[in-house]
Structure formats: structure tokens, C-alpha cells
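Residue numbers (this note's numbering), protein chains in the order written: chain A, 2 to 425; chain B, 2 to 425.
No lab work stands behind these hints: they were computed from the structure. Take these hints with a grain of salt, some might be off.
Copies of the same chain are indistinguishable here, so a pair counts whether it falls within one copy or spans any two.
Claimed, not checked - Dumping the calculated DSSO-like pairs for lysine-lysine here, alpha-carbon to alpha-carbon at most 27 Å:
hint, residue 1, residue 2
1, 308, 133
2, 367, 59
3, 83, 308
4, 280, 384
5, 331, 367
Here the structure is a predicted model, which means the values were calculated and not measured.
Protein chains: 2
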Amino acid sequence: MKTYNEMTAEELQQQKELLIKRYKEYQDMHLNLSMARGNPSPEQLALTMPMLDVLNSKTDCHDGNIDARNYGCLLGLPSARKLFADYMGVKPEETIVVGNASLNFMYDCIMRAEMVGVLGGEKPWKDCGKIKFICPVPGYDRHFTICEMLGIEMIPVPLSEWGPDMDMIRELVKDPQVKGMWCVPKYTNPYGGCYSDEAIKELAALEPAAPDFRIFCDNAYAVHYIYKDVPVLNLLNEAKKAGHPDMVYLYGSTSKITFAGAGVGFFAASEANIKFMEKQLNTEIISWDKMNQLRHVLWFKDVNGIKAAMDKHAALLRPRFDAVLNALDKHLSGKGAGTWVKPDGGYFVTFIANKGCATRINQLCKECGVVMTPAGATHPYHKDPDDSFLRIAPSFPSVHELEQAIEIFCIAAQIATIEVLEAK
Amino acid sequence: MKTYNEMTAEELQQQKELLIKRYKEYQDMHLNLSMARGNPSPEQLALTMPMLDVLNSKTDCHDGNIDARNYGCLLGLPSARKLFADYMGVKPEETIVVGNASLNFMYDCIMRAEMVGVLGGEKPWKDCGKIKFICPVPGYDRHFTICEMLGIEMIPVPLSEWGPDMDMIRELVKDPQVKGMWCVPKYTNPYGGCYSDEAIKELAALEPAAPDFRIFCDNAYAVHYIYKDVPVLNLLNEAKKAGHPDMVYLYGSTSKITFAGAGVGFFAASEANIKFMEKQLNTEIISWDKMNQLRHVLWFKDVNGIKAAMDKHAALLRPRFDAVLNALDKHLSGKGAGTWVKPDGGYFVTFIANKGCATRINQLCKECGVVMTPAGATHPYHKDPDDSFLRIAPSFPSVHELEQAIEIFCIAAQIATIEVLEAK
Chain A
2 MKTYNEMTAE ELQQQKELLI KRYKEYQDMH LNLSMARGNP SPEQLALTMP MLDVLNSKTD
62 CHDGNIDARN YGCLLGLPSA RKLFADYMGV KPEETIVVGN ASLNFMYDCI MRAEMVGVLG
122 GEKPWKDCGK IKFICPVPGY DRHFTICEML GIEMIPVPLS EWGPDMDMIR ELVKDPQVKG
182 MWCVPKYTNP YGGCYSDEAI KELAALEPAA PDFRIFCDNA YAVHYIYKDV PVLNLLNEAK
242 KAGHPDMVYL YGSTSKITFA GAGVGFFAAS EANIKFMEKQ LNTEIISWDK MNQLRHVLWF
302 KDVNGIKAAM DKHAALLRPR FDAVLNALDK HLSGKGAGTW VKPDGGYFVT FIANKGCATR
362 INQLCKECGV VMTPAGATHP YHKDPDDSFL RIAPSFPSVH ELEQAIEIFC IAAQIATIEV
422 LEAK
Chain B
2 MKTYNEMTAE ELQQQKELLI KRYKEYQDMH LNLSMARGNP SPEQLALTMP MLDVLNSKTD
62 CHDGNIDARN YGCLLGLPSA RKLFADYMGV KPEETIVVGN ASLNFMYDCI MRAEMVGVLG
122 GEKPWKDCGK IKFICPVPGY DRHFTICEML GIEMIPVPLS EWGPDMDMIR ELVKDPQVKG
182 MWCVPKYTNP YGGCYSDEAI KELAALEPAA PDFRIFCDNA YAVHYIYKDV PVLNLLNEAK
242 KAGHPDMVYL YGSTSKITFA GAGVGFFAAS EANIKFMEKQ LNTEIISWDK MNQLRHVLWF
302 KDVNGIKAAM DKHAALLRPR FDAVLNALDK HLSGKGAGTW VKPDGGYFVT FIANKGCATR
362 INQLCKECGV VMTPAGATHP YHKDPDDSFL RIAPSFPSVH ELEQAIEIFC IAAQIATIEV
422 LEAK
């Protein structure tokens, strides 16, 4: 079978007519589908409903001598620090359990760095002139939005399935204005790949010029396997071994383990970082919601409880990812209309369209009732130089909805491909 | 009966010996008491335990078409915006329901103002040179700590029981570097007084030079009466009437209505402010904990539900405040060893010691097993020029503990008074 690239103008025209016919049939169905955001499905949320019973009017809300209902305990409920330290593979003293959103704590850490400074830094980032962050691409739009709002210059670095371009990063961190780097080490958002041991070790061994350089390691999918649990080295522990204990901030949450809007966020860093931060945090809050922390502790008991929950999530996510991946395979394989990455876990499938096709694919999808994450969202300033990366989020829709949505997507990818070839 | 000031040296010496004898008796009891922080008592927390049953595994967690368990709804669950808008006396569109801590949202608003700016402002506060906040004193230490950490210059303005010195404030806001003012309008922390209608109207009529001047109105005790519910004008609505709709940020929370560590915080401002903020907030968080918002809505149903809860809190707080106020009256009345304010509500009793006595009183208390809020905490930079203001927090201890603690406090106040007179 010929790829579109190998077809004659006539053959392309013929194919296009067939595709547009099918596209119009879908348009006539007036669908309203979305593969835009990584929201858990109602079935996934239902898994956690019994958690709402573990804290009730009869519960003793004490954790040792701490009353979870009252003020205090800035760094989190001791039992929650223990649970999520175990989850992150660090010590409780290296852990802070925060509110319902790890993203908010990432933002918060950057705001504090800007206004007050980071351990080892000479001055607050706001007084350091134009500062820069290294941004592996494709990456998570919400990371980039934080930098954009604060005027932090973002430097895109290509990310493969096994990690970012380390030579480039080693070169970049020689610049003392480079103060940070984003990193999703496991089932990267949106790639789905995992950083290799080598990539993690090379990151841990970085020798940044800025003493207040920090890797913002958003381990959002630490236990979120779908097909295979891929072991990934712990960046914080590797950084310790490499003599850079303070260089890594580690983030996680239960947003995709319990409730997306009402989970628990947590953070890990060297004890020196934690002590330094504690003083700053004492200014911004008296304590985060320890009752929700207690609820999570009583529900999971230990890390095995979390892992057991993730098996159930995987069982619900797998048919959805199957639907997407099978359709991509069925409709696009061997056609030269884009490639994609089969993830082992996480929440996304990355589609790499032919150059100049991503925006058009999204537009075609939209006009056929399928909302996608905007093209460019995977890149700083929404600028994907090749206009080729698209993020597919299969978690929320039902399998039936996904089957429709992804077929429309495949039709759109082919139409866009042909349009670009015709325009040449 | 003579005041200490009227006594001879001999009489003072005699009194002091009696007081020290009693003080030592208390020391020998090795007490461990605290009147330091405004924490609700276990009895108060127990009032809210049934709230833990309203959300359970059988609950439909939807609010209209919003699933409280999932991401989204940045400005808060619609039903929660309605409830807390009613509570604040504003419209739901003027309301944001946030996380568990209104203090955190005050901090957050200032951080955003510093880094990105405020509606109507020319540039972010960080680029405005040395900015200043007006701080009515005595005031809340945690407000002042935020300014101190961020290098915002604090200008103390005397506060009476009826409001701050408005002439001074009118003069101060002519300076465009003055960007903010703290304000606790009802049962002020720690005074317990309430801003008069006149004070509120004059605040609302302020003509600040800075277009991005904001009054941070922390209405922490809106319904927190103990002896009398004092009506206080709504500063936001008055500012609207006076043609300054954007000048006021209003804050509140259920920290002292449900659980101190796990309540719901909320915010009100003009719709223009809310719209401006929404874009900024979209960068820092996907959504706050809507499940806890839903829990509060189902528990209270409406503002009457909140008011009914406050009657129960008042019933628990009243004997504690009685214990403190009766002891002050019994031991100190007519002795010239300090004055105090009987609050109608709130969480504190303010004691105004004789000049130069506050630090010593706290030290004497501490050495007798009674922890107090540090002297100076009521003033910016911990600098009370007269060393006279002390904040008594009667909410947490039992009545029996309070009776002991406040007697020790009264003994300490008298010893300190005599020491200062003797040193003259």
C-alpha cells in the first residue's frame, strides 16, 4: 500500500473525496466529544467513593497527639508524611503534604523563589534579571503557563521517549540565569515515555552555574501504569548520591488516584530545603487540610493500598487506550499521515502529525464535534515549530465515544496530510 | 482603694511580696497552659463532627452538572459560591470559594499583585519601588508577617474600638506607594471592637493616589458573636456606592465555624476584579477542593444554618470569655495595672498593660507555665512602642484551665506594674 506521499495527485484527490464523505457523515451526527484533558472518568472516580466513609462523625480525628481538625502541623499530618514519603521513596522528614493540588505547590515554590529566594541563592529570582527555565518538549502546558505568566524565559529542549537531550542541558546550565528545569520523569506528559536510568543519573550529576538552580520534577504518574509498570530511578535520591541533594524538588499528588479535584498533593526535597522552606511557608498558611490527609491515610493505610487502587484504574484506562491505539493502527498505519507513541502508562497518547498539520487536524476535529488539546500546547509559548505535536487524552470519554472521536481524528489527520501535499 | 501609682514605696513592697508568694504557689504547680492562639476548643470542633457524615459513599457528588470529584470550576462550586456570597452579603459572581485557608488566599493575592499586578495598576508591585501598607494597630500578626517577608513597608495607624484613625489614613493614601491596607472590620483581631458605620463609609470614600490600592478586608469574624451580634456595614458594598467598586478585597472562612484546619475559605470583590483575577488564578491551580465545598453546602444548606452553628459556638465561648473578663475585673479593676477591652465577639481579649510592662508580663507568665502570644505581635515588626499591648486568647483551654491561667496573668500584670513603678 502506498503512503500518501507516494500517491499521484489523482490518487490523493480520490482518497480525499472518500475521507471527506466519511467526515461529513460524522458531521451530520452532531457529536459533542472531547479528548482534550486528562480527567479521570466517572468510573474511576467511583472507585474512591468508599473513602468518603472512612472519616465520619464517629472517627477519632487524632493522629498521635495531633488533632487533624484544628490548626497546626504546617508540614502535614505525621501519618500522611509517612505514607507519601514511602510513596515517593524518601524520608518523612524530606516530605511536605500540602493541599489538593501539586501544581499549585509548584507555582507556589516558584513564586516564593521569585519574591524571597531559594536555599543557596544570593537573592530572590525577581532581582536576578531575566531568568530562564529548561523545558523538555513536548511537555505539560500548565508548567509552561506558570513560566509565561511570570516572564521566565523558556528554552525548549527536545525530549525523546528516554529523556531529554542531555548534551544540550549540560550546556544550558552553564548559564547562571538558568534557574530551573521542568521534568516529568515517568510516563511523561504527553509522551508517555520514561526517563532512562542514564537520563536520571545525568540529570542528578548536572553542575549548574546557578547555586539556586532547581529541577522541578513533577512525578505525576509515579504509579499510573496502564500496560506496564516501568521502574524509573528516583531523581532526588540520585541527586543526593551525586552530591547535589538540594537540586531537586519532587512533586506528586493523588489527583489521579483518588479524586481529581479533592486529592492530596505532596512534595519532597532535601531536609535542608524543607527547613529553609518551612520558615517561608509559615508566612503563607497555618496548615493545609489535615482532615483530607487523614482521610487518605485511613483509606490507603500504606503504599500497597495505593498500588491496589492503581490496578483498578489501569483496568479502566486500558480499554480506552486500546481503543485509541488500535484505531490509530487500523486507520493510519503505513499511510505516512503521522506517527504516535504507545505509552506504558500515564494519561496521554502523543500524536506526531506531518509537519504543518497539527493545527488543521484540531480544526477539522473541532468542526466535527471533537475537542482536542490545542495544537502548540505541548510547547513553550504555544509555539510548536513544526506544528506537528498533538496530545490525545483518552481517560474521560467512554470507549464508545472514544471509538467515534478517534476515528474522526484519524480522518482529520489524513485530510490534513493530503491538503499539505496538495499545496506543495 | 489606692491604685499602685498612688502607693508609697513601702505599700508597693508589701503588695509585691504578697503577689510573689501567690506567684510561687502557682509555679510549684508546674502548670502547662496556653492562651496564645485563637484555636477552637475540642468542644467546638465536636459540634461539626456530623458534617463528616453528609458526604459518604452514597452521595451524589454533583452540583448541577458539575462533578465535585473531578477537575474544573476554578472559581468554586456554584452552590458554594451562592452560600458564601449570601454569607458575605454579595453576589455569587463577586465570589471565589478557595481552599482551606483565607489567610493563604490573602497571601496569594499579594504575591500575584507583586509578580503580575492588580486591575488598574500600571505594573506589578515588585516593579514599583518600595511599596507600603497601612496597618491599623493593634492588629493580626499573620497579616504583618506577610508584609514583612515581602519587604512591604508597614505604616502603623492607631485603631480605636470604633475604627482606625481616618484622618491619618486619608493623608497616607495620597502617597502612590501606599498600595494596601489591612482591615478586620468586625470584632477586630485582637481588639474585639467593630468598625462604626462612619469608619466603614469613610474607608469606602477613600481617594487613594495609587489606582491599584486595595483594602484587604479580613472579615474573619463576620458571624462570630459571643455576647452581642453587632451589625457592621459591608465595606465592599459601601465602596461600590462610593464609586470605588474595585478598591476592596473581602475575605472570610469557616475555620472558626467548622474545622480550623479543614474549613473553606472564600473571597469577594467587584466582578471586574474577579474577572481579572480569574485569568491569573487559572495559572496557579486547576481547581480548589470542591468536595469540601460540597460538604459544607450540604451541611449548612444556607446562611441560617451557619448562624445556628454560631449560636452553639457562642455558648461554648461565652463561659471562657466570662472567666477571663471576670478575673480581670476581680483582680485588676481600679488598681491601675492595665486596662482591657470587653469584646462583643471574635476570639480575643486585648489587654493594655502600663507602658513598658507587656514583655515582662509575658515572661512572668511563661515562667509560671502560661504561654501567651508574644508581646509586640500586635504591631508591625513586633514593635509596640509602648510595650503595652497583649492579646489573650481564651477559646482553647477549659474554663478551669483559664481560671488558673488568667489569675497568673493578673498576678504577672501587677508584679510588672510594681516593678516599673519601683524602677522610677
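Numbers of the earlier hints that this structure fails to satisfy, in rising order:
1 and 2
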